[in-house]
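Since the structure of chain A is provided, determine the placement of chains B, C and D on it from the hints.
Number of protein chains: 4
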Amino acid sequence: MKNLRLLESARERRDHIAHELSVELKTIGDAYYDDEKMTHCENLIGATSVPLGIAGPLALRSDSLESQFYIPLATTEGALVGSVSRGCKAITESGGAIAYTHRVGTTRGPVFYVENLENNKKLRTWLRENEQALAKIPEPTSPFISYLKMEVSGTSDHVFVNFYYNTHDAMGMNMATIATQRIVDYIERETGFKNIAVAGNFDSDKKPSWGNFVRGRGFQVWAEARLKKDVVSSVLKSSPEKIYDVWLSKCMLGSALAGSLGFNAHFANIVAAFYIATGQDPAHVVEGSMGVTSAKILPDGDLYTAIYMPAVMIATVGGGTNLKTQTEAQNIIGVKKSDQLAEVLGGAVLAGEISLLSALAEGTLTKAHESLGR
Amino acid sequence: MKNLRLLESARERRDHIAHELSVELKTIGDAYYDDEKMTHCENLIGATSVPLGIAGPLALRSDSLESQFYIPLATTEGALVGSVSRGCKAITESGGAIAYTHRVGTTRGPVFYVENLENNKKLRTWLRENEQALAKIPEPTSPFISYLKMEVSGTSDHVFVNFYYNTHDAMGMNMATIATQRIVDYIERETGFKNIAVAGNFDSDKKPSWGNFVRGRGFQVWAEARLKKDVVSSVLKSSPEKIYDVWLSKCMLGSALAGSLGFNAHFANIVAAFYIATGQDPAHVVEGSMGVTSAKILPDGDLYTAIYMPAVMIATVGGGTNLKTQTEAQNIIGVKKSDQLAEVLGGAVLAGEISLLSALAEGTLTKAHESLGR
Amino acid sequence: MKNLRLLESARERRDHIAHELSVELKTIGDAYYDDEKMTHCENLIGATSVPLGIAGPLALRSDSLESQFYIPLATTEGALVGSVSRGCKAITESGGAIAYTHRVGTTRGPVFYVENLENNKKLRTWLRENEQALAKIPEPTSPFISYLKMEVSGTSDHVFVNFYYNTHDAMGMNMATIATQRIVDYIERETGFKNIAVAGNFDSDKKPSWGNFVRGRGFQVWAEARLKKDVVSSVLKSSPEKIYDVWLSKCMLGSALAGSLGFNAHFANIVAAFYIATGQDPAHVVEGSMGVTSAKILPDGDLYTAIYMPAVMIATVGGGTNLKTQTEAQNIIGVKKSDQLAEVLGGAVLAGEISLLSALAEGTLTKAHESLGR
Amino acid sequence: MKNLRLLESARERRDHIAHELSVELKTIGDAYYDDEKMTHCENLIGATSVPLGIAGPLALRSDSLESQFYIPLATTEGALVGSVSRGCKAITESGGAIAYTHRVGTTRGPVFYVENLENNKKLRTWLRENEQALAKIPEPTSPFISYLKMEVSGTSDHVFVNFYYNTHDAMGMNMATIATQRIVDYIERETGFKNIAVAGNFDSDKKPSWGNFVRGRGFQVWAEARLKKDVVSSVLKSSPEKIYDVWLSKCMLGSALAGSLGFNAHFANIVAAFYIATGQDPAHVVEGSMGVTSAKILPDGDLYTAIYMPAVMIATVGGGTNLKTQTEAQNIIGVKKSDQLAEVLGGAVLAGEISLLSALAEGTLTKAHESLGR
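Residue numbers (my numbering), protein chains in the order written: chain A, 33 to 406; chain B, 33 to 406; chain C, 33 to 406; chain D, 33 to 406.
Since the hints were derived computationally from the structure, they do not count as laboratory data. Values in this document were obtained by computation on a predicted structure and should not be read as measured data. Each hint should be verified, as a subset may be incorrect.
Note that the list lumps identical chains together, so a pair holds whenever it fits in one copy or between two copies.
[To be verified] Derived pair list, reagent style DSSO-like, types lysine-lysine, alpha-carbon separation capped at 30 Å:
| no. | residue 1 | residue 2 |
| --- | --- | --- |
| 1 | Lys168 | Lys368 |
| 2 | Lys181 | Lys369 |
| 3 | Lys168 | Lys226 |
| 4 | Lys153 | Lys226 |
| 5 | Lys154 | Lys369 |
| 6 | Lys181 | Lys154 |
| 7 | Lys168 | Lys69 |
| 8 | Lys153 | Lys369 |
| 9 | Lys368 | Lys261 |
| 10 | Lys399 | Lys260 |
| 11 | Lys368 | Lys153 |
| 12 | Lys181 | Lys153 |
| 13 | Lys168 | Lys181 |
| 14 | Lys69 | Lys368 |
| 15 | Lys69 | Lys58 |
| 16 | Lys69 | Lys269 |
| 17 | Lys58 | Lys260 |
Next up, chain A with everything else stripped away, as it sits in the complex:
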């Protein structure tokens, strides 16, 4: 087999593999539309085509937006887009959803080997006393990153530091890694303590972790909607009482018994589809799968529903957002800032929760799978 890096273009590599393995790779070639120099994918041979559907419209407002949104969802899972659409309908007909984000920051957490407790204390003290100096280091590395804060943890001979950055409309892991490397180099020079890895898993990027759940990562996102009783009946074919019972049994009790970080029905489905469509890093579906869905029957019989996602890593610039189909999808949503995109995601996730909980309440999940899923 050949070293594919020696080949110059996607076409050459594709042809080489197709010839070597006697396989057809025509559609992979046809599906690629971007500029090879703009694409961050080594050994490119073409593209994977993921069907794109549209859910909505979803009426959503936040501190900075108020509109009806079409939600682009790239998926191969039948019933998903239809389900989210139904949830959007129930929300919109009830007056819309409200979303809110809080930026925690993009994190990168290096680990230092310090040999013993005495040095551990020295490094902690040094970090505290020199934080101002550290906070200035990211600036020259990029105009789009600024230092927010740090947290320190560790065993006796290993010190873990979690640096938090505001990366504005970029998701920021590249910037955060570069900035952190500079900070780490500075710490090594100034203190003599040895950095083992610029990423020590204390951050924890793309791994489900309670640290991220409790402290938040990227954006914390909340969305709520007060569903009218008659809309629950006409659109969701269910009742607030039935949906509440499903929510309690599933999102609360079942999740507890399973040792889950996802006290929700299926955040990950919507997050994955939305992320692929809009050019996010799909590995961050992991963080996006964590969180809590809430439900409450209000005194007037309406159904209050809400979602909380503690760790949404999302961008409107950089990474995959620059590719053509992803840019087009972002334009369908039409927001420019990453926190706004997180808010739209929150509304879409809420719609997905509402619809799935209703389908489970009415026993219609299976029918949906039977007709749309095979």
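Relative to the frame of chain A, chains B, C and D by itself:
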């Protein structure tokens, strides 16, 4: 905004949205190559194009395969394919990787409300005594599903049952849901106990959960490679000692301090890219992000590396695997059975771990991001 | 300082320390009443005296018992016994509680280093094929232990086996360790695979773990009580609605947001007090702190309450249960079998939950601490 | 059965129960030495006598202490005191242990129901803007409590606030609850938002939680010791290499596979015994069971060992520390401040880890249980 379901074709919907929002959606239209009737995506407007690169070759063997594989990875994250390729090279030049899978089964876990402990005991007893009858129910629903086992849990008034199925080469969630609904209907008829939801989160589909980690879900996958000392030096530009120190600090200590379910460097990166390329359900990246990476310096100075993934949900048939670019990617790999595909994934994930741990050991992660990631 | 093991009796050691440090140790000496030869405590100098109070009476029934019980609780925490008593009163006046246990078994989980996947598979296969032989090994080690089952897990080069034993009325960790050592010796002899440790943390003894939560350890215990609306008012000074709201916010939402394994108010308080009083191993409070409290407002307005404890390690014989004050406390309860003692504990824990949730609902927790706690 | 609260003294209650149940309660009566008015235990009938042994001496130093300590351990578990003693010996003969504490604070976390996101944001803003005022509220409630900080979390309609207090040498849960109730009353008056419970489980008191692990609670405690190679051989009958292998397999891999919060051998054993002896709240063994044990073979062949306990709730005044046998045990240790007591506990826990890991390495755990445990 229009109800998109009223429109008949992807083209009509796309044109409508483009017109309504004054946006350009041409590439989304161009990137779609499949048959609308074959595509499980409601309100289809086209497709998202995700760049596809090839890592490898990776020498891999298992109980049923032995070959060199090209690994298709659909990603927008720079440095990922290059990194996996480097890991594949280190593995292949060291003699190859060995993989092993154990099928736990695809799960669906309904929840019943039984009102009190007396009924709880009755239902548990009934389930135990009638398991043979339940085990026969899935068969008529599909030729590709068979019953494996069940587990029961619950609070006093809620009984959760987790059904495990062998879904052969399909990932099987649709089949499992349909079969479980039949079983649930039967249980309700025979016992009178009320099913609250066919999916009670005890399974737990697409949520990170310790229950899945401990018991396994889909396939448990192991892969190992014994890296020669000189290959570690020439290909990975590092040493076994340095890689070991990074592994221990990051995958063990850092993960422990972070309350993580991912005692690994970046399973999720490879799983996401592999899943999108081959038509898997990307929300199952969540399950795929869990697991443990191991390292050990052997007496002769070589570096033993291994990965363990407790919950790999994967298919060679059904769902997105039937789409054109995804089929072509599966043909690049060239295996027919889902356990074999899981083994290839395991090898690719191991390659990714080896390369990232080395890059962190040498401090080259940042340089890679600087040149490939922006 | 002296090597205390060189001294022969508690008195000598006590006198030596009192003299060396110029401290008074008279009460420690006075508080000890057992036979030094019967006491499993090296370097004995006397005893710690923990105040013992009585809660109840609690009306409780299960498959094998039906009675009213006084609950002995050894504690220094003010308000605890009073609180449990109040809960017992509410339960008893509502008709009593029902409890149920399921013995999972006492576990001991050794770890073997097997070097590679090939050997991993060999050992797993060997364990499966030779389980019958392994199951016979515990018998000769003690008349009170019998083999139940085993579970296997592991990374590629480490195999972890969890052995489950029925240790009857003993808690059984000593017996389980001794039996497991025999099994491990046999495995080493027969397979050549090396046992690293007879206890590899996969069991996991005295550490909070989701593995234990999901699979259970020792006994799984359920207890429920249906509290009459007027009893909730007269005894608990609250209402079902208020208690439900506290339960949902605290035991469900708060526990989820905190990444807790204890979806309950304060299992650990009652477990600790009960364990010390009855001679259990207090480190097993750790397992006993895990679990789920449930509440539900029934159609007739009564309040259904229940607890589920997945991992109760408890005994009526062996260990500290043989000491005098502990034996007397066990006699107050008056049950002979460990599963019955677990049931009484379950009822006491339920009483504690009911009372604390009510106190929180009425805002009286603080007042109780003010008057009883200082 | 009688309402025991109607009886006036321990003697009367004891006699009543003894008579009613026809049981002997003499030793329970004899074992009680404190003043009934000083004892925080309702329905007192006497005491439980827990055998008290002494481990050590342990050479330990920290920022504020340097001495050799006898470690009082109240336990019914054979081999425990002997094992800790052996660990103390290895540490002391190697030059002693070093400990360090960081006070995170005693926490109490109320939950407010705020109905919707708008109010959620209002309350968060109000808390931030009025924190200075809130910080003054605890002072008048006790001279021994001061406000440290707060953290806020929540779903859309529930706001959880975690208040952290410095409670000096008291463990402080009573003070924290009283102070928090005052703060909560103030918040309710000023904002109109409704407090559901002064304790909403976000704290999380006496439940194992990742929130506490990651953020710390009470004191974070570190202790380390550098064991000389020959001491490992002569005292622990093992070698650094063997102990390291056990540590890695058990405390790292086994804990990871088990979903444990205790990456250690048996913190809980020492914590329970130390807590009971010194009058701590034994339910806080739960927090004390969490944490990480580390090991490393140093270049010169010595064995570096360390422990990290993120959540030690401990006191030298208040609660059970005032009782006679507990005061005497505290005097054996001879420190006055709670952080110092935490440091001594850290050293004792380290000693316990060292000894158990060695016993497992040499296969002697079983023998110890056989001779001391039955």
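Here is how each hint holds up against the structure:
In the homo-oligomer, the alpha carbons of Lys168 and Lys368 lie at most 30 Å apart inside one protomer (27 Å), although the nearest pairing across protomers, at 43 Å, exceeds that limit. When the C-alpha separation of Lys181 and Lys369 is checked against a cutoff of 30 Å, the pair qualifies only within one copy, where the shortest distance is 22 Å, while the shortest distance between copies is 32 Å. Proximity of Lys168 to Lys226 under the C-alpha cut-off of 30 Å is restricted to the intra-copy arrangement: shortest distance 21 Å within a copy versus 43 Å between copies. When the C-alpha separation of Lys153 and Lys226 is checked against a cutoff of 30 Å, the pair qualifies only within one copy, where the shortest distance is 15 Å, while the shortest distance between copies is 40 Å.
For the identical chains of this complex, Lys154 and Lys369 are inter-copy neighbours only, at 23 Å across copies versus 41 Å inside a copy, given an alpha-carbon limit of 30 Å. For a Cα distance limit of 30 Å, the shortest separation of Lys181 from Lys154 qualifies both inside one copy, at 19 Å, and across copies, at 24 Å. Proximity of Lys168 and Lys69 under a CA criterion of 30 Å is satisfied in neither setting, with 32 Å inside one chain copy and 56 Å between copies. Taking the shortest Cα distances, Lys153 and Lys369 sit within 30 Å of each other only across copies (20 Å), while inside one copy they are farther apart (40 Å).
In this homomeric assembly, Lys368 and Lys261 never come within 30 Å of each other (Cα to Cα): the closest approach is 35 Å inside a single copy and 50 Å across copies. For the identical chains of this complex, Lys399 and Lys260 are intra-copy neighbours only, at 25 Å inside a copy versus 41 Å across copies, given an alpha-carbon limit of 30 Å. Proximity of Lys368 and Lys153 under a CA criterion of 30 Å is satisfied inter-copy only: 23 Å between copies versus 44 Å inside one chain copy. In the homo-oligomer, the alpha carbons of Lys181 and Lys153 lie at most 30 Å apart both inside one protomer (19 Å) and across protomers (22 Å), since each shortest distance falls under that limit.
Proximity of Lys168 to Lys181 under the C-alpha cut-off of 30 Å is found in both arrangements, the shortest distances being 12 Å within a copy and 26 Å between copies. For a Cα distance limit of 30 Å, the shortest separation of Lys69 from Lys368 inside one copy, 24 Å, qualifies, whereas the shortest one across copies, 34 Å, does not. Proximity of Lys69 to Lys58 under the C-alpha cut-off of 30 Å is found in both arrangements, the shortest distances being 21 Å within a copy and 21 Å between copies. Taking the shortest alpha-carbon separations for Lys69 and Lys269, only the inter-copy value of 27 Å comes in at or below 30 Å, while the best intra-copy value is 50 Å.
With identical chains, the CA atoms of Lys58 and Lys260 are never at most 30 Å apart, being 50 Å at best within one copy and 38 Å at best between copies.
Hints 7, 9 and 17 from the earlier list are contradicted by this structure; the remaining hints agree with it.
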